[in-house]
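Asker: Each chain, written out:
Number of protein chains: 2
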Amino acid sequence: MADSISMKNGKIVPDIVVSRLPLYLRSLARLQEEGKEVTSSQELATRLGFSSAQIRKDLSHFGEFGKQGTGYNIAFLREQLKAILNLDIEWQVALVGVGDLGHALAHYGRFSQKGFRITALFDNDPAKIGMEINGVVVQSHDEMVESIKKAGIRIAILAVPVKVAQETADKLVKAGVRAILNYAPITLSVPPEVKVQNIDPIAHLQKMTYYCQR
Amino acid sequence: MADSISMKNGKIVPDIVVSRLPLYLRSLARLQEEGKEVTSSQELATRLGFSSAQIRKDLSHFGEFGKQGTGYNIAFLREQLKAILNLDIEWQVALVGVGDLGHALAHYGRFSQKGFRITALFDNDPAKIGMEINGVVVQSHDEMVESIKKAGIRIAILAVPVKVAQETADKLVKAGVRAILNYAPITLSVPPEVKVQNIDPIAHLQKMTYYCQR
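Line order of the protein sequences matches chains A and S.
All you need for this note's numbering is the position in the first sequence, starting with 1, plus 38.
All you need for this note's numbering is the position in the second sequence, starting with 1, plus 38.
It should be emphasised that the hints constitute simulated quantities derived from the structure, not laboratory data.
Warning: the hint list may mix true and false statements.
Identical copies carry no separate label here, and so any pair may be met within one copy or between two of them.
[To be verified] Taking lysine-lysine pairs in the DSS-like style, the calculated list, with each CA pair at most 30 Å apart, reads:
id, residue 1, residue 2
1, K209, K74
2, K201, K120
3, K212, K201
4, K166, K209
5, K201, K74
6, K201, K49
7, K95, K120
8, K188, K201
9, K95, K166
10, K49, K105
11, K95, K187
12, K209, K95
13, K49, K74
14, K166, K120
15, K166, K74
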């Protein structure tokens, strides 16, 4: 959906490489939890189902992280990848739509564990406006643009019904949001400087049924 | 994560092409809802952010669906894509893990609207076993293999904590499941005949922060 290649700091890294960095990070965190201190592209490859050559090539876009024969220091590589992905700071996140899904997302502890703090909630249902979830008060859509601008929030999670998804995305963009995690089953139209990632469980299931025997 | 190319009925279609078919289907459904009867690769391209050449090439893997100059009959193309993706039948789905996320998924109406009926629920929490959600009784993990085998269920949604995700996936595979929609933030190890699609909102957010200014 996104451009396959994007430039950042004059450096061109294929989008697909950037997509894999969070998976490396996830594996490194697991390895560290298991008490390991050093790993290899081969070990990461086995865990992730990629080839070790691909892992080495992906990482080579960003620098030299390991030594031939001694592998990678897990803590160091983890810190480096976090810095590359701008994860050494905490991000404020706005969550729009506090229905069943939005509610579950508001309570999903992994967001704050991983440095994404949901600091603003929005919904258009009068019954929900004013409600407090995890210490954050639900505001109306009318307050969205000003409130997000004021707080300087750049990341939003969109969990609204399809029919209001595009107009809500337009407001988010107007408010300065530059990254949207979109749960509405629709392809959003946004300016090129805004990144969108889509989560649609139906599309994932439909892809797999292609391979399923009836 | 999955193989980039898979064979089905002796036909080789790149995995990435299969991934896009559900998005075409989603757009066609929207167009039909808007009262349209005919569309073009150009119109689909604009809506999806792909090139029209790519859409024509993707579809050409499966046959001739449109006529030069007259475009695609939406209803016909939709039916064809549904048949290609095995969506002209209803699929039974097992949902494992009825925590906050699993609960929201069990109530997500779009699954059954799109032909994925959640007919089995599993959890290991004694407080949840025996509970009824949307007419389906939550069973224990101990009953999983036999119950799924007996019902002939081939698709499962995995919404359990990381620490039990792999062992649960092993049980699902043993029970005959061939497609797993995995919400646990871990790369599952499964035999080649089993497809896995991963949904990890953190990985999606982390990919976007790469492009975000601090």
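Asker: Run every hint past the structure and note whether it holds.
Answerer: A quick look at each hint next to the structure:
1. Taking CA atoms no more than 30 Å apart as the test, K209 paired with K74 passes between copies only; the shortest distance there is 28 Å, against 46 Å inside one copy.
2. Taking identical chains as interchangeable, the C-alpha atoms of K201 and K120 lie at most 30 Å apart only when they sit on different chains, with a minimum of 23 Å there against 36 Å within one chain.
3. In this assembly of identical chains, the alpha carbons of K212 and K201 lie at most 30 Å apart only when taken from the same copy (19 Å versus 41 Å across copies).
4. In the homo-oligomer, the alpha carbons of K166 and K209 lie at most 30 Å apart inside one protomer (20 Å), although the nearest pairing across protomers, at 40 Å, exceeds that limit.
5. Taking identical chains as interchangeable, the C-alpha atoms of K201 and K74 lie at most 30 Å apart only when they sit on different chains, with a minimum of 17 Å there against 48 Å within one chain.
6. For the homomeric pair K201 and K49, neither the shortest alpha-carbon distance inside one copy (38 Å) nor that between copies (38 Å) is at most 30 Å.
7. Proximity of K95 and K120 under a CA criterion of 30 Å is satisfied intra-copy only: 18 Å inside one chain copy versus 38 Å between copies.
8. Taking the shortest Cα distances, K188 and K201 sit within 30 Å of each other inside one copy (27 Å), while across copies they are farther apart (40 Å).
9. For the homomeric pair K95 and K166, neither the shortest alpha-carbon distance inside one copy (49 Å) nor that between copies (46 Å) is at most 30 Å.
10. Taking the closest pair of Cα atoms, K49 and K105 come within 30 Å of each other only inside a single copy of the chain (23 Å); across copies the shortest separation is 43 Å, beyond that limit.
11. Taking identical chains as interchangeable, the C-alpha atoms of K95 and K187 are never at most 30 Å apart, the minima being 39 Å within one chain and 42 Å between chains.
12. For a Cα distance limit of 30 Å, the shortest separation of K209 from K95 qualifies neither inside one copy, at 39 Å, nor across copies, at 35 Å.
13. Proximity of K49 to K74 under the C-alpha cut-off of 30 Å is found in neither arrangement, the shortest distances being 32 Å within a copy and 44 Å between copies.
14. Proximity of K166 to K120 under the C-alpha cut-off of 30 Å is found in neither arrangement, the shortest distances being 36 Å within a copy and 38 Å between copies.
15. Proximity of K166 and K74 under a CA criterion of 30 Å is satisfied in neither setting, with 46 Å inside one chain copy and 36 Å between copies.
Going down the numbered hints, you'll see the structure goes against 6, 9, 11, 12, 13, 14 and 15, while the others check out.
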